[in-house]
Amino acid sequence: MELLIAAAISVLVGSGVWLLLRPRTFQIIIGLSLVSYGVNLFIFTSGGVKKFAAVFSHGAENPQIFADPLPQALVLTAIVIGFATTALFLVVLLALRGMSGSDHVDGRGEK
Amino acid sequence: MNLILKHLPILPIITPLFFGALMIKFDDRKRSLKMTFALLSTFLLVFYSALLLYHFQSDVNSGVLIYHLGNWPQRFGISLYVDRLSALMISLTSVMGFCVFLFSLAKWHRAGIFFRSQFQFLLAGLNGAFLTGDLFNLFVFFEVLLAASYGLMLHSSNYSRTLNGLHYIAINLVGSFFFLIGISIVYSTTDALNFIDIANRLQDLKSDIRSQAGIGFAIMSIAFLIKSGAWPLCFWLPNAYTVATTPVSAIFVIMTKVGIYAILRIGGLVNPFLENISLNGLFYIGIVTLIYGAIGVLASHDIKRLATFNVLISSGTFLTAVGFNSSLLLSPVLYYLICSSLALCGLFLLTELVGRDQDPGADLLAITMEVYQAEEGSVEEPLEDEDDEEEEGEGVLIPESLVILGICFLICSLTLVGLPPFAGFIAKITLLSSSLSLSLTSSSQMSWIFVTVLILTSMCSLISFVRTGIRIFWPSFEQVPPRIQLIEIVPILLLISAIIIVTVQVNPIMGYIDKSVSELYRPSREIDTAFIK
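So the protein lines, in turn, are chains E and H. Heads up: the first sequence begins at 1 in my numbering, then just goes up one per residue. Heads up: the second sequence begins at 1001 in my numbering, then just goes up one per residue.
It is possible that some hints are incorrect.
[Claimed, not checked] Output of the computed footprint for chain E on chain H, the stretches with three or more beta carbons under 8 Å from beta carbons of chain E:
id	stretch
1	1039-1053
2	1409-1417
[To be verified] Some chain E residues well away from chain H (every beta-carbon gap over 10 Å; in silico):
id	residue
3	L3
4	I5
5	A7
6	G14
7	W18
8	T25
9	I30
10	K50
11	K51
12	F52
13	E61
14	T85
15	D106
Everything labelled a hint here was simulated from the structure, so no lab data went into it. These numbers come from a predicted model, not from an experiment. Using N, Cα and C, we set each Cβ at its ideal position, and we do this for glycine too.
Construct all of the structure, not just a fragment, from the sequences and the given hints.
Rendered as structure tokens:
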């Protein structure tokens, strides 16, 4: 389980970083999204990886079997914030595309 | 009044949020109403910060105000954590916010519908970041202030603002990812997000887990260093600050200070327990930032660009002094932070006013005037008409504008360079003397590097200021004096009087700062929780 999640995070972040370093704005935004998925998964695992553990189950008394609820709350906040800022980035990207006529991050290059 | 005092820690966050949201409800035709709301809000912030400062000044013993949101107990809820340092930063923010907003009333606030709301949200985010006592909440407030700053960066958008805004957003989004990774590493090792809890738990951890938490803090501080403009992470800053509109770049000065504050706050809480992670790395980063800033200052011809590189110099000085990891240097550098922020804010506001007679159009007119040997009056008239249209003929114009601007420029640059008689001189001389006295006991090499680089940087910045001043205020041809409204010069005069107050009242301010530094490095188990119910 740990290996699977670690592999998923590394693939997401790795491809995200590669895309971030590309010169086109669209590649940047996809890269940012991929990195943010990787980071969200990473936050998710900070409470420890447990198979099939619920945050809370009625009647159970041993807290050991519960999953840590806090990282789930954190990841929710991080997703919302990341989503909003990515949407804003998309708007700026389109505005720049309209102004420069090119999708290069520096607004120049072949069209 | 009693109610205000009881909830004082939360008010600087709620007030601008409330007024900012309220202003969205009204459309732009009710401009004067919105203006009143925004002015009221910024004025209230100044009032709150005065109350906070008074509280800490009058109360000798009580160190920290802890405000539990929703009255949840420490382990479960989010708490606000106000000590002398946060009160100081809040006051700096509100004074600068008030002056900058007053300046924007001359014309900039009309350039976009949501400028006033975004400005309020930025202030809310800044105050929240200074007041929070919780790591994840710090992230949230960082995002609040960043989201508002993205909007402000694009305010009155043109091509270069959009281009640099895109870079600015991208790099800050990446910074946020580092912040999140750092937070989750710290949470998985210490099981806590509250600053005090984290510090308490770090003490009990095994040393290998503790160094894992240290890695988390190190990754997190990449985000802070991006905000504060430390060297390898600062290439976005000069461009972004130069192309932004004048009031926006003036208030962005305090944004670099948020990164610095976060480094101080987190460093102060965790540094005593992380023996294998040291702040010394910051020293070298700071030195390189100083050198980069000095080169940039020499290379910049535009006065606004000169101001942005001075932002880097200010950050570099601070990071270097923190890198010594000694409380001896922290007090003078905090004093330097106050006076340099005020002077930078004033300088950014000045750039527009002195640039008004210097814009490329005016130069071009002067050349065409020579070529076609036209009469002066006939050429100047269209220019004045243009200005009239821009300013819509409103506001009281002040006489002898070039003289007043010259004096303001002189005071701001003297403060930044660190020449007598203003606060910058006191700050730099105490910085130099305490680093030299530190060299007697330990780390003499670092002290000498610091002294050399600081003096050389100040000299570079002095050369550049003199060059710019000569070009602007000793014009070679008969130029039109800039048309300046009263509402534009008043905020600058307010900032300058703040610098003078900081200069004259150096003793009480230094006493206050000394206390806040000793609070910062106090073991957290001793923090007496002045519990506010």
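Among the hints numbered above, which are violated by the structure, and what are their numbers in rising order? Violated: hints 1, 2, 8, 14 and 15.
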